[in-house]
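Based on the sequences and whatever the hints tell you, model everything.
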Amino acid sequence: MTLNPDHVLDHLDHLESEAIHIFREVAGEFERPVILFSGGKDSVVMLHLALKAFAPAPLPFALLHVDTGHNFPEVLRYRDDTVARVGARLHVAKVQDYIDDGRLRERPDGTRNPLQTVPLLDAIEEGRFDAVFGGGRRDEEKARAKERVFSLRDAFGAWDPRRQRPELWDLYNGRHSPGEHVRVFPLSNWTELDVWRYIEREAIELPDIYYAHRRPVFQRDGMWLTAGQWGEPKPGERVEERIVRYRTVGDMSCTGAVESDAVDVAAVILEVAASRLTERGATRADDRLSEAAMEDRKKQGYF
Amino acid sequence: MTHDLLRLATAGSVDDGKSTLVGRLLYDTKSVLADQLDAVERVSRDRGLDGADLALLTDGLRAEREQGITIDVAYRYFSTATRSYVLADTPGHVQYTRNMVTGASTAELALILVDARHGVVEQTRRHLAVTGLLGVRHVAVAVNKMDLVDWDRSRFEEIVAEVGVLASRFDIDDLVAVPLSALLGDNVVERSANTPWYDGPTLLEHLESVPVGTEPAEQPLRFPVQVVIRPQSGEDRDYRGYAGRIAAGVIRVGDEVVVLPAGRTTTVAGIDLGQADGSVRGIDEAFAPLSVTLRLADDIDISRGDVIAEPERRGHVSRTVAGTVCVLSDKPVRPRDRVLLRAGTRTVRAMVEEIVDLLDIDTVEYRRAPQQLALNDIGRIRVRLADDLPIDDYHELRRTGAFLLIDDADGATLAAGMADAPDRYAGADI
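These protein sequences, in sequence, are chains E and V. Those letters in the first sequence? Residues 1 to 303, per my numbering, in order. Those letters in the second sequence? Residues 304 to 733, per my numbering, in order.
Rather than coming from a laboratory, the hints here were simulated on the basis of the structure. Mixed in with the good hints there might be a few duds.
[Stated by the list, open to error] Far from chain V, some chain E residues (derived; all Cβ distances over 12 Å):
1) E16
2) E18
3) R24
4) G69
5) V92
6) Q96
7) Y98
8) R137
9) D139
10) S188
11) E192
12) D208
13) R238
14) V263
15) A274
[Claimed, not checked] Quick partial rundown of chain V residues pointing at chain E, CB under 8 Å, derived from the structure:
16) D307
17) T409
18) V553
19) F590
20) P635
21) R637
22) P638
23) R641
24) V642
These numbers were taken from a predicted model, which means no experiment stands behind them. Glycine included, each C-beta is placed from N, C-alpha and C at the ideal position.
Encoded structure:
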């Protein structure tokens with residue numbers, strides 16, 4: 001902790017204190033909060049902050065993972081190790097179950113990110129969760145820039161950007177009716193670079209695929225996709241070995257890797273600081289679909 | 304040198320070039336990335352514009368792009384070598400008061416745009432009024448479109464003089480005006496060759512040098528308790544800590560403190576920072592706005608909603624609150640309305656006792672006793688409470704002088720309030 005005689009707080013301490021305050025507000029105002037935990041770096045940082053907020057008491061929240069079935073095995077392993085280490089309760093909602101019994105249909109492009117909404121909303125209802133922590137950041141995307149820290153969702157999980165509650169000072173209003181829930185975004189004011197600097201400062205361990213490694217990949221729309229069980233290369237797309245790393249981890253079939261030789265946090269920070277592409281623009285095929293792809297998914301109850 | 308954080312809010316109407324200025328700040332601080340710029344250039348071309356319309360960077364919702372207006376407060380992030388910035392970009396037209404109050408509530412600096420051709424207009428007056436009411440300490444006035452008045456020094460000075468008179472009327476002490484062109488980039492980040500007569504800072508230079516924070520050492524301690532931390536098992540079974548974020552002041556181990564509203568005093572036995580491995584790290588001193596966990600020497604009954612404060616400057620515990628509110632909801636605020644009042648971490652039942660007056664935001668004068676306060680109205684009210692509430696004068700302590708009025712039926716946030724110095728009826732029964 002960089003306490004100093006001038007009483008000026010470092011910006012990471014500021015962001016950390018703000019996030020801890022948000023976790024504690026939720027603990028004070030809600031009955032059954034849950035943290036969305038995928039093993040992705042934002043959810044890992046969220047969990048780290050939540051543990052700090054309540055130590056030495058154990059984490060007072062359960063964890064929830066919406067599993068697309070298209071996971072990186074390294075990330076699933078990391079998820080399970082982490083859950084065991086912190087002794088948390090993990091709920092898993094599987095997109096595959098919905099496809100198997102016909103409640104959801106596979107999309108023609110094979111991408112499962114948009115299919116997560118229904119299992120997520122069902123899991124929230126079944127778990128009777130009234131507050132759901134997400135790792136969304138306002139710097140990620142234009143529609144997210146308008147998101148509140150406490151974001152009220154109706155019984156259908158829908159986000160109506162025109163009817164958001166105004167949010168003033170640090171007085172978060174979490175009142176909601178039965179059947180409604182509140183999405184809470186403790187990392188709202190963090191940027192991608194802040195997340196990485198915090199990971200470095202706190203020596204937080206991440207799944208290996210965030211760092212440069214050799215991998216067979218093929219190129220599509222300027223992104224490197226993993227050749228594997230999901231998302232086979234199309235005719236004319238050549239698989240080759242490259243040194244890559246992932247900036248985000250999601251559905252393997254549409255999450256692209258970037259060429260990189262950043263093997264540790266310090267190197268990643270240099271790379272992110274110098275990057276000329278946004279995190280989603282560089283790595284998420286589904287966000288490139290339209291100007292309003294994220295806004296549309298959020299209105300339907302997406303993360 | 305600490306890399307610190309400055310929160311600012313913009314105010315201006317669409318025509319002032321606010322979105323362009325914000326776009327320019329993001330662009331010139333290299334906070335806009337290639338794919339975002341590509342998208343902006345593509346859309347600008349489709350619309351038949353010559354260069355990239357930087358305003359397109361900031362309009363996030365489909366309806367905003369379609370209608371060419373900004374609907375909601377948007378948050379933008381940029382950083383320099385010395386500072387990180389959180390910028391609340393507030394729209395000029397729709398729901399203007401509500402959005403500006405929201406953006407200004409967390410800002411330490413307000414960035415107000417004035418079109419050099421039009422000078423101080425009604426909007427400017429409103430922006431300065433809201434900025435003053437919300438207690439934003441620093442104001443930067445961007446006198447924009449200077450290129451359209453041929454970089455005329457006397458025009459700039461005329462505007463500065465007029466703004467200065469208004470600012471002092473709204474208790475704004477720190478005001479800096481910069482002559483600039485957001486479109487061309489003059490004096491935003493790069494110094495302009497067109498203003499040899501101007502020796503003040505560029506806009507970014509000014510943002511870089513404004514002092515941040517509240518000088519905690521000068522303020523009395525306020526620590527609203529959020530949750531009580533009691534592991535109740537394992538080796539920490541006897542641990543009992545009060546978790547919260549310091550709202551004002553400095554706290555040290557060994558300090559005597561008072562717990563409000565009950566008024567019991569005790570001393571600080573420890574200040575802990577929770578660690579992710581489940582341990583805690585003790586520190587000797589902490590200050591606003593840090594989140595910490597306090598251990599106290601005596602076992603007294605403390606729960607969420609209590610405030611741990613400095614005994615000599617403990618502030619007020621009251622059953623009435625008088626203050627200025629801005630109505631944020633379609634539902635008006637009327638006398639005898641039963642609502643919830645939220646201040647700090649405490650929520651109490653309340654009844655609107657009286658609407659004292661309404662601020663005419665155009666003349667900036669208070670008009671006597673209206674029937675009600677409607678959406679976007681600003682006025683002074685008095686509220687009676689069903690329970691004791693520790694509350695401060697907003698203009699002395701922002702975080703513990705702010706409150707919300709909440710609709711008990713549907714949970715909507717009805718109004719945002721700023722408490723006055725506690726009034727004479729303190730302690731009266733409901």
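Here's how the hints hold up against the structure:
{"no.": "1", "hint": "E16", "result": "violated (7 Å)"}
{"no.": "2", "hint": "E18", "result": "violated (8 Å)"}
{"no.": "3", "hint": "R24", "result": "violated (4 Å)"}
{"no.": "4", "hint": "G69", "result": "holds (29 Å)"}
{"no.": "5", "hint": "V92", "result": "holds (23 Å)"}
{"no.": "6", "hint": "Q96", "result": "holds (32 Å)"}
{"no.": "7", "hint": "Y98", "result": "holds (28 Å)"}
{"no.": "8", "hint": "R137", "result": "violated (9 Å)"}
{"no.": "9", "hint": "D139", "result": "violated (5 Å)"}
{"no.": "10", "hint": "S188", "result": "violated (7 Å)"}
{"no.": "11", "hint": "E192", "result": "violated (10 Å)"}
{"no.": "12", "hint": "D208", "result": "holds (20 Å)"}
{"no.": "13", "hint": "R238", "result": "holds (25 Å)"}
{"no.": "14", "hint": "V263", "result": "holds (23 Å)"}
{"no.": "15", "hint": "A274", "result": "violated (10 Å)"}
{"no.": "16", "hint": "D307", "result": "holds (5 Å)"}
{"no.": "17", "hint": "T409", "result": "holds (6 Å)"}
{"no.": "18", "hint": "V553", "result": "holds (7 Å)"}
{"no.": "19", "hint": "F590", "result": "holds (5 Å)"}
{"no.": "20", "hint": "P635", "result": "violated (16 Å)"}
{"no.": "21", "hint": "R637", "result": "violated (20 Å)"}
{"no.": "22", "hint": "P638", "result": "violated (23 Å)"}
{"no.": "23", "hint": "R641", "result": "violated (15 Å)"}
{"no.": "24", "hint": "V642", "result": "violated (12 Å)"}
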